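Whenever a hint applies, use it, and build me the whole structure from the sequences.
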Amino acid sequence: MNHVELMDAYCDYRSQLRNEGFGIRPVLNFDEVIDVISDFEKIEITPRLSPLQNDFTTENSFWLLLEVDGNAIGGVCARVDELRGEPFNEYLIRTARRHYGEKGVVEVPDFLAENRYNTVAYIGEFFKKREYRGDVAASELFLKCAFCVLFLKWRPDWMYAFLRSHEVQKNACNRYGFSTQIPNAQTWLNPPHGRSSDEWLVGMTAAEFSHMVSCRSLYPVKPHRREGDSRS
Numbered sequence: 047m048n049h050v051e052l053m054d055a056y057c058d059y060r061s062q063l064r065n066e067g068f069g070i071r072p073v074l075n076f077d078e079v080i081d082v083i084s085d086f087e088k089i090e091i092t093p094r095l096s097p098l099q100n101d102f103t104t105e106n107s108f109w110l111l112l113e114v115d116g117n118a119i120g121g122v123c124a125r126v127d128e129l130r131g132e133p134f135n136e137y138l139i140r141t142a143r144r145h146y147g148e149k150g151v152v153e154v155p156d157f158l159a160e161n162r163y164n165t166v167a168y169i170g171e172f173f174k175k176r177e178y179r180g181d182v183a184a185s186e187l188f189l190k191c192a193f194c195v196l197f198l199k200w201r202p203d204w205m206y207a208f209l210r211s212h213e214v215q216k217n218a219c220n221r222y223g224f225s226t227q228i229p230n231a232q233t234w235l236n237p238p239h240g241r242s243s244d245e246w247l248v249g250m251t252a253a254e255f256s257h258m259v260s261c262r263s264l265y266p267v268k269p270h271r272r273e274g275d276s277r278s
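Going by our numbering, the sequence shown opens with residue 47, and the numbers climb by one from there.
Any given hint might turn out to be false.
To be verified - Restricting the straight-line Cα-Cα distance to at most 25 Å, the calculated cross-link-like pairs of lysine-lysine (DSS-like) are:
{"id": "1", "residue 1": "K175", "residue 2": "K268"}
{"id": "2", "residue 1": "K216", "residue 2": "K268"}
{"id": "3", "residue 1": "K175", "residue 2": "K216"}
{"id": "4", "residue 1": "K174", "residue 2": "K268"}
{"id": "5", "residue 1": "K216", "residue 2": "K174"}
To be clear, the hints were calculated from the coordinates, so they are not data collected in a lab.
Just so we're clear, the structure is a prediction, and the values are computed from it rather than from any experiment.
Written out as structure tokens, the structure reads:
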């Protein structure tokens, strides 16, 4: 998929968000993220995406905020890494130890060694204020906007994320388009705060994302039905 097609997809998703009363704003000053997080119920950012624990620049990371009337009500972050063919299981083990120290000991399925990508992008820290969490349409549109930005900006071979088991049970993988869905992809021997062994590793390749957005008119995102809304 070329840049023009990706931009078209981004504009479509963003237009739908605007019709639902939401806006998107990129954050160029990572210190602002810390201030925004402090206004949410979310207590901390995980080490893999924390601006306080990584030397991020606007070239290797980005944050997007979801807004209503100019006020942030949600956000998401992404980073890119050049693995240059390093087996993905070794990458997960190595970075878990670096991020969590003694608690960063994980067991990872051996078959993940078959994943040998050059450029991978990780997306996470998706959060929304409690009163907006029921709007799954806004979540889907917002994340697909973020996916477009990610593939436009970095052209990664693969994008991945970790989802909690209850999110997978609510059909999050299919809603967001993740074709790779691996349960218990990391078994923590002594789980650090905020992590658990029931997380799923999910992901999609650039080709899979390209196909998904090319079919978006066939599978439109259904608007969230709010109280008093007469739409069917």
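Which hints, by number, does the structure contradict? Violated hints: none; all satisfied.
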